[in-house]
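Taken in order, these protein sequences are the chains called A and B.
Under full-length UniProt numbering, the residues of the first sequence are numbered 1 to 400, in order.
Under full-length UniProt numbering, the residues of the second sequence are numbered 1 to 400, in order.
Hints listed in this document are in silico derivations from the structure and should not be mistaken for laboratory results.
Only a predicted model underlies this, so the values are computations on that prediction, with no experimental measurement involved.
Wrong hints could be hidden among the right ones.
Which copy? The list can't say, so a pair holds if one copy fits it or any two copies do.
[To be verified] DMTMM-like, lysine to aspartate or glutamate: derived pairs with alpha carbons at most 25 Å apart:
#1 LYS275 with ASP73
#2 LYS241 with ASP324
#3 LYS268 with ASP100
#4 LYS75 with ASP307
#5 LYS75 with ASP310
There are 2 protein chains.
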Amino acid sequence: MAGPLDGVRVLDLSAVVVGPICTHVLCEQGAEVIKVEAPTGDLLRHLAGRGRSAGMNGKFLNFNRGKKSIAIDLKQPAGIEALRRVAATVDVFVTNIRPDAQQRLGVDADALRAAAPRLIHCSITGFGSGGPYAGRAAYDTVIQGASGVAGTFAASTGEPRYVPFLVADHTVGLVAAQLIGFALYRREKTGIGEAIEVPMFENMAAYIMQEHLGAASFRPPLGPPGDHRVLSPDGKPLPTKDGFVCISANTDAQAHAFFDAIGRPELKTDPRFAKVAQRVQHTKEYFHIRATSLGGRTTAEWLEIFDRMDVPASPYNTLSSLIDDPHLRAVGMVREEDHPTEGATIAIGAPNRFSGGNTPPRPPAPRLGADGAAILAQAGLSTDEIDALRHDGVLIEGMP
Amino acid sequence: MAGPLDGVRVLDLSAVVVGPICTHVLCEQGAEVIKVEAPTGDLLRHLAGRGRSAGMNGKFLNFNRGKKSIAIDLKQPAGIEALRRVAATVDVFVTNIRPDAQQRLGVDADALRAAAPRLIHCSITGFGSGGPYAGRAAYDTVIQGASGVAGTFAASTGEPRYVPFLVADHTVGLVAAQLIGFALYRREKTGIGEAIEVPMFENMAAYIMQEHLGAASFRPPLGPPGDHRVLSPDGKPLPTKDGFVCISANTDAQAHAFFDAIGRPELKTDPRFAKVAQRVQHTKEYFHIRATSLGGRTTAEWLEIFDRMDVPASPYNTLSSLIDDPHLRAVGMVREEDHPTEGATIAIGAPNRFSGGNTPPRPPAPRLGADGAAILAQAGLSTDEIDALRHDGVLIEGMP
């Protein structure tokens with residue numbers, strides 16, 4: 001059994017999260033991913049807390065499973081030349097370095113596609129090339145602030161803040177993988193590759209506007225932007241006797257079942273709550289009832305009741321309890337694994353299933369430069385050439 | 001010019017956001033998307049605030065651009081039969097109805113693929129079929145609570161809450177489109193379709209664990225889960241004299257430039273802040289300095305300074321200011337458009353660019369059932385058959 005991208009080869013000149021999650025997904029579906037790192041390694045090796053050895057923290061491991069690592073000094077011309085020789089042998093090139101740096105290294109779309117017309121070149125940028133912010137550097141928080149992500153918190157609770165995970169990096173990386181899939185599909189029909197430009201700002205601004213342009217989608221606006229149901233400051237797991245429970249009761253059938261469950265059947269005919277349009281008008285009161293009605297029973301009791309009455313509900317998981325969730329264990333999303341150099345770890349599984357075949361679990365994430373010599377040999381470099389690169393400090397094998 | 005999915009036909013039996021954002025993306029890249037709605041329409045037509053006419057609010061418009069709408073009563077056998085006839089003519093079938101309901105309607109993967117072996121069937125579920133929560137209903141908040149999304153807020157500020165946008169629906173819908181692209185690629189090679197299962201819980205749990213398993217990735221854990229930099233309660237746009245600015249300063253070069261910019265060059269050699277590993281250890285102090293150092297100048301002044309010194313930075317956008325952002329206007333992400341029935345609106349553009357061809361802007365979102373008769377005729381139903389469906393209230397054309 002093999003995943004849908006079996007046989008696709010990807011060269012990944014990216015770091016931190018936006019590029020690595022893109023190529024993680026490609027790898028999970030069967031692609032071979034060659035990760036190009038700077039001599040000191042992907043910044044994420046240093047930015048994300050403790051591991052058992054330098055540069056091998058948990059966050060790095062979890063975004064880089066199954067990849068091969070080559071560490072090259074791209075400040076030396078021989079390093080650039082080595083990179084270009086590998087690039088000539090792959091199907092897909094992914095990078096999140098700025099367009100001017102791509103040109104300086106000769107790894108922009110025009111340069112690489114001139115030598116390899118079937119190549120799909122994916123450039124993840126901060127801001128699209130057609131507007132005044134083009135070429136500016138961007139990281140997750142910059143994009144969260146510019147695109148309205150932080151603005152959703154201001155509209156909800158009064159204070160702008162960032163989502164406590166890298167939502168811009170992570171989302172746009174997933175989108176980049178999606179676009180590469182579409183380009184691979186087109187290449188099967190046309191025989192030629194192409195260049196894809198994936199600007200983070202535009203993607204996240206579209207995302208937030210789709211969610212929250214709302215009444216301001218009309219000219220003149222019918223009201224301020226923002227979906228007030230989703231922005232409700234009461235948008236929280238609901239407190240029970242011993243914890244929290246998470247519910248959704250949007251349809252009339254679900255809302256009525258909820259009112260029955262909490263022993264308030266009269267609300268089913270209350271003109272504020274009987275129909276979906278009425279509940280949308282009275283979101284504040286409806287959410288207040290939900291937030292203050294569950295204190296008399298435990299989470300387990302409520303889950304049993306909601307399950308029986310067909311109100312969508314689930315337990316609330318903390319970051320710690322998630323690891324022990326019985327469903328995640330049962331489906332193989334959380335399993336124990338020995339890393340060849342880092343010892344016992346938790347491996348995160350692949351969430352999706354293809355009837356036409358799935359990729360078997362990939363090996364754990366690589367140490368810096370672990371596969372450099374093999375990758376260069378596969379690209380046609382001789383043993384002497386590789387030795388010279390090693391000798392000149394162009395090829396790095398292991399954390400300095 | 002045409003997008004990479006030009007010629008692909010998609011039948012979409014989904015509602016609210018997780019399915020509609022999936023097919024929105026497919027449509028944006030050139031696919032023809034047929035949206036199947038219940039007689040009263042997609043729940044999102046009623047759940048998301050005001051429009052100029054019933055069922056045509058801004059959120060619905062922004063998730064359903066370019067689609068065709070057919071409204072069918074699937075409680076009547078003739079409605080199911082009509083749906084199955086359309087399904088036999090498409091490349092991709094997307095649904096988020098529960099597996100047992102799919103079987104009852106005969107639109108599960110086995111049933112539809114028996115009649116159309118090239119069909120790609122994509123089932124977005126709440127929880128994967130292999131675990132104890134299989135078959136349970138799920139909506140965005142249920143998944144945010146179960147998957148650790150709400151738990152990231154508890155780890156950051158002490159209180160579990162939901163992200164104020166539909167991050168589970170939106171993310172998993174983007175992933176579903178990605179997986180469909182991979183399956184289309186494989187179909188070009190094998191000639192046969194396949195079934196894809198996309199469980200929301202597993203996808204979002206993987207997402208949060210990749211971000212935050214951290215030190216708990218090791219057995220025994222090296223520490224509690226959570227990337228403390230990203231969970232910092234100071235993870236916010238930084239206050240200036242007249243507003244906020246968003247920055248990122250992760251590399252040594254960026255952090256040193258930031259210290260110079262705020263007139264505190266001595267911090268460049270401070271053992272707490274000189275190197276990335278030291279700043280990670282002293283995140284709290286570092287973030288505190290960032291949050292309290294910018295009050296003396298305006299946002300515009302800081303942006304000019306940060307631009308000059310190569311510190312990634314951007315203005316902070318509210319939901320309102322986003323619409324007027326000059327970059328978004330310049331690249332066509334925000335433009336004025338007349339909806340044929342709803343009047344003057346804002347249209348959100350397509351964020352990504354393919355050198356091999358892009359889809360021209362799609363028409364605005366449809367009214368309920370606007371294309372029903374044409375879709376049935378295209379699937380081979382005769383005028384008499386269509387009239388009979390109309391007469392029996394199986395085919396609905398317009399909001400009741």
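Hint-by-hint comparison with the structure:
1. LYS275 with ASP73: Answer is between; shortest inter-copy Cα gap is 20 Å, intra-copy 64 Å.
2. LYS241 with ASP324: within (22 Å within a copy, 47 Å between copies)
3. LYS268 with ASP100: neither (61 Å within a copy, 27 Å between copies)
4. LYS75 with ASP307: Result: close only across copies, 24 Å inter versus 60 Å intra.
5. LYS75 with ASP310: So LYS75 and ASP310 pass the 25 Å test across copies only (19 Å; inside, 61 Å).
Comparing the model with each numbered hint stated earlier shows that hint 3 is the single one that does not hold.
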